Amino acid sequence: MKRQAETDERILQEKRKVQSDVCQLLVCGLLLATLIQQYFFHAPLAQYAVELVAALLTAGYVVVRNLIAGNNTETNAPAKRTLLGALGSGAVVAVLLVVLAGFNAVETAVFILCYVPISFLVVQGLSSLSARRRKKLDRELGGDE
Amino acid sequence: MKNLKMKAARVERDMKQEDLAKAVGVTRQTIGLIEAGDYNPTLNLCVAICKVLGKTLDELFWEGAQ
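Those protein sequence lines, which keep their order, are chains A and B.
If you want the numbering used here, it's the 1-based position in the first sequence plus 940.
If you want the numbering used here, it's the 1-based position in the second sequence plus 588.
It is worth saying that the hints were derived from the structure and are not from the lab.
It is possible that some hints are incorrect.
[Stated by the list, open to error] Below are the DMTMM-like pairs computed for lysine to aspartate or glutamate, each with C-alpha atoms no more than 25 Å apart in a straight line: (1) Lys593(B) to Glu1080(A); (2) Lys643(B) to Asp626(B); (3) Lys610(B) to Glu954(A).
The model shown is predicted, which means the values in this text are computed figures rather than measured ones.
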C-alpha cells in the first residue's frame, strides 16, 4: 500500500498542489512580514533583510524556472505594454512611498526616474530571453517528422 | 460522469479494485475515484488500465463508444 501510494499519480499530484500552496503562503508571509516591519514598525533593514532577500530570490527563481521551461511568463509583452506596466507600477509604488514612507516630491521624482527605465529594461530583457527559449523549443520540437 | 465501462470490464475480469490498483501501481482509492468519475487519470494510467483489462482506450474512456 505504501509503495502504491508513492507511485500513485493522483497522490503525487495532490502532494505537489499542497506543496505549491504552502510555498505561495510562505512567500506571501515573507512579503507581509517585510512590509509590516518596514512601514509599521520602522525597523532597520538588518532586521528584515533575510525575509526580503528570501522573497526576492523566490520571485527570481519562479521567473528563471519559467524561462528555462519556455513557459509564457507574461513577460513577452510588446514594448508599449511593458512601458505602460512600468509606468503604472512605478506610480503605485511612488504613491505608497509618499503615503507610507513620507517621501517628498524630489525623492519621488528620482525614484520614478530610476524605477521606470530599470523596470522596462528588465522586463524587456526577460521577454527577449523567453522568446528566444520558445523559438529554440519550436526549432527542436516543432517539426512534423 | 461515472465510468461504468471500466467497472464492467474490471468485474468481467473478476478483479477487485485493489487487484486492478496493484496491477497498475496506484491506490485503490484512485481506481474508485476514476470509476466514480471524480478523478481524471493521465493518459499513461489510462493505457496501463486498458492493458490490464484487455480493452482499448476507446472502449473504456471514450464517451461515445459502446
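Verification of the supplied hints:
As the CA atoms of Lys593(B) and Glu1080(A) are separated by approximately 40 Å, the hinted pair breaks the 25 Å bound. Among the hinted pairs, Lys643(B) with Asp626(B) is consistent with the structure: their alpha-carbon atoms are about 21 Å apart, no more than 25 Å. At roughly 20 Å between alpha-carbon atoms, Lys610(B) and Glu954(A) fall within 25 Å of each other, so this suggested pair holds.
In the structure shown, a violation is registered for the earlier hint numbered 1 alone.
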